[in-house]
Amino acid sequence: MSSGSANLMSMPESDATTACDHGHFERCQTLLEVSEAIAVHRDLPALFHDLAQRLPRVVSFDFLNLVLHDAARNVMRLHILETRFPTAFRQGTERPINDSPGGLVWQTQEPLIINDVKAETRFREIMDFLSEHNVRSVCVLPLTTAHRRVGAMGFGSSQAGAYDEDDVEFMLLVGRQVAGAVDNALNYQDAQESHRQLEHERDRWRVLLEVNNAIVSNLEKRELFAAISAALRRVMCHDYISLALLDQEKNRLTLHALDFPEGKGIVKEEMCEGVESSLPGRAIVSRQPLVLQTLECEAARNSEMARRHIAEGLKVACFVPLINRDRVLGTLNVGSKCADAFSQEDVDLLVQVANQVAIAVDNARAFAQIAELKEKLAEEKLYLEEEIRTEHNFEEIVGESAALKRVLRQVETVAPTDSTVLIQGETGTGKEVIARAIHNLSSRRERTFVKVNCAAIPSGLLESELFGHERGAFTGAIAQKIGRFELAHQGTLFLDEIGDIPLELQPKLLRVLQEQEFERLGGTRTIRADVRLIAATNRDLATMVAEHQFRSDLYYRLNVFPILAPPLRERREDIPLLLQYFVQKYGRRMNRGIESIPTETVDVLSRWNWPGNIRELENVIERAVILSDGPTLRVPLADFKPSNGDRHPRITTLESAERDHILRALEQTNWVVGGISGAASLLGLKRTTLQSRMRKLGITPNK
Amino acid sequence: LASRVPTFESVLKISLVSSASGIIFKLEGKLAGPWVSEVERSWYQATTNGEHSRITVDLSGVTFVNAEGRELLSWMHRRGAALKASDYTMKCLVDQIERNTQEQAGPRRL
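As you go down the protein sequences, you meet chains D and E in turn. Per my numbering, the first sequence starts with residue 1, numbered consecutively. Per my numbering, the second sequence starts with residue 704, numbered consecutively.
Hints listed in this document are in silico derivations from the structure and should not be mistaken for laboratory results. Note that CB positions come from ideal geometry on N, CA and C, so glycine has one too. Some hints here could point you the wrong way.
Covered stretches of chain E, going by a simulated chain D footprint (3 or more residues, C-beta under 8 angstroms) [as the list claims (entries may be wrong)]:
1. 725-732
2. 768-776
3. 791-797
Over the 12 angstroms line for every Cβ pair with chain D, so calculated as not near, a few chain E residues [claimed, not checked]:
4. T751
5. R757
6. I758
7. S763
8. R781
9. R782
10. E801
11. N803
Cβ-Cβ distance ranges computed for the label pairs, FRET-style [claimed, not checked]:
12. D/R569 to E/D790: 51 to 61 angstroms
13. E/E801 to D/R252: 21 to 31 angstroms
14. E/Y791 to D/R365: 31 to 41 angstroms
15. D/P416 to E/R782: 34 to 44 angstroms
16. D/P416 to E/R757: 36 to 46 angstroms
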């Protein structure tokens, strides 16, 4: 029985009637106040706090609670507990429906009165807890609206049997109003939560849109990542963002597009690390995002890049693989100096951002590849056009001499291999023709034969000519240039006059020959080129090595397969054939119908020594064709006969004759003593012997 | 000389050597096309910072000069630059420029 009812029984009847009216009035008044409180408070805790102040006037209780049904988890959850006493019960505590008085009431939709908590056998755990907190009786009422069963409202009292049917009847009235309020509040909370969720999603979609816009409008990686970082910063706390791009060939990752405004410079762009040892590498291998809430983990200790990130003060990092068309291109790396920076929701957003970035990276790579190929093709086209202009009519090697046949056998032997060939021989002996023959007989014949005359290019430009340069590499480097090595990729590079290559450039050439890789002048990117090298010179490289004018290591690397182009005087039997060939060539070109070459002409020209070799012969024939106005070739033979003075020379001393002879040889060779085309070779002497004779006869180079 | 068309290998390397006695502009490659204005720009950069007693344009590494390049060299020569050449063709060009400078004086508008 309630305290209100007990008081009524001890009163006289008239007083009791008055008291009853008064009690009824109080309850109506309280109901009105409850309605007002519901209208005032949208917030449930505030409402229940207000109810806890007003209801004790008409109902006795020491605690008041609100238990709500959680449909998602199918449990009853303590939402609010109002009591004057300290309690260990926490809001949010969940109980199974069948193990909770509120659950029973919610299920049955009937009020539940427990007059003696200690005697109650159900809900043992809760009953024990209530007993411990001096609660003796309990009344629980369903909270139900026209639309749904919300939960239950419970009252507890320190007195046993504190609640009777009158109380229940009144509290059911209160419960109906409270149920509506709770329903409204829950709906409001849901609406608020949905609104927040929508705002959140809107913000993230906006970020994705901004990332997309940044990708579309920024071709430059750095600007792109600054824009992406700014967009992400609005929804996600982060200090650092970068790209690690994968080099499939080397299985390495390189850091790009670093956006780290507060960085100390310990982490830099272009830093590289192997995939296995790096943290982004783990994300690449698993193809899943990797979030490290503590960067200083075991894995980080093995990674230099991770150590540098730690030294920069980063605590948390997230590595998201960049995957496009099932191909992993690298990772999007985001770091923060705050602990627990990245939630699952953040990671989900980063995955979406990474998907966009992956498309951009793939497109950028394809674009760069196309641009590079386009540039290369344009260069190749220009080069080939120039080749056509130069008119190389060297398809045929003319001659049947033993010396030439020996060379041709060597050409046939070496051509199918990829070995480096060094062609030596006097000027005009056809070294380039031999080089082209090697190329044409090799498996590289479908690709370009690129020629560089090292002597014809200013020494300061030779490095750029061979290896290319990046824009701004030197004053005048106004655009990127592809070098001849790149141009000759999968083809043949013919380095003519290799002896003229400056000493300081020789190590770089050696490196290309050994490792097939190089960097453009002013560039950092290593370029690989599959090039077969043929070098040629009319200088004696061995002597140059001995005189420290040529690096020995480069010489040995070049001299893998030496071929000596014979001088024309050693293949005199080819002179008539060559005569015929050049007469036809220039006769056709100049529209001259030359039908015969006098025998005397053939004899005289065959006896001539031809210091300029085939080039000299060709020029003589070209001149002769110009001079010939009939069907017979007219060669000014006087130029090729010894003069009268020569026929009967004045007798001098042997020493004087020797001196004159050496001087003539030196003048003819432009005072070059050693080497294949030097005076010693011409005189059939050793270089040291000639030098000794020169000293003895008082011949010094300045003469 | 000026009628030849520069090929794909057209590149001009401009090196500046400054000393107390003056500046040497070392040009290597082909003085034609966009490189003419590059040389002109380098000239302005080098000469606006101070007075130099002597400016030498070293043409020993130059393999080709077109009409514009020749005009620039003439202009530089009129401004007091000494033109240094080593091969026959460039020596001829320098001779012509020097003769023309003596014959016709007048500022080149750049």
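Range hint compliance [Cβ, E/E801 to D/R252, 21 to 31 angstroms]:
58 angstroms, violated
Does the claim that E/S763 lies off the interface hold, with its Cβ farther than 12 angstroms from every Cβ of chain D?
Violated, because the least Cβ-Cβ distance between E/S763 and chain D comes to about 8 angstroms, which does not exceed 12 angstroms.
Hint check for E/R757 and D/P416 - Cβ pair distance inside 36 to 46 angstroms:
Because 59 angstroms falls outside the window, the suggested range is violated.
Are all C-beta atoms of chain D more than 12 angstroms from that of E/R757?
20 angstroms, holds
Please check whether the beta-carbon of E/I758 is more than 12 angstroms away from every beta-carbon in chain D.
About 16 angstroms separates E/I758 from the closest Cβ of chain D, which puts it past 12 angstroms; holds.
Can we confirm that no CB of chain D comes within 12 angstroms of the CB of E/T751?
16 angstroms, holds
Distal placement of E/R782 relative to chain D, Cβ over 12 angstroms:
19 angstroms, holds
Within 8 angstroms of chain D's CB atoms, at least three CB atoms from the stretch 791-797 of chain E: coverage verdict
violated (count 0)
Within 51 to 61 angstroms: is that where the Cβ-Cβ distance between D/R569 and E/D790 falls?
30 angstroms, violated
12 angstroms Cβ clearance of E/R781 from chain D
Per Cβ check, E/R781 is outside 12 angstroms of chain D; nearest 23 angstroms; holds.
Would the non-interface assignment of E/N803 survive a Cβ cutoff of 12 angstroms against chain D?
Correct as stated: the minimum Cβ-Cβ distance to chain D is 26 angstroms, above 12 angstroms.
For the stretch 768-776 of chain E, do at least 3 residues have a Cβ located nearer than 8 angstroms to some Cβ of chain D?
violated (count 0)
Checked against the numbered hints given earlier, the structure breaks hints 2, 3, 7, 12, 13, 14, 15, 16 and satisfies all the rest.
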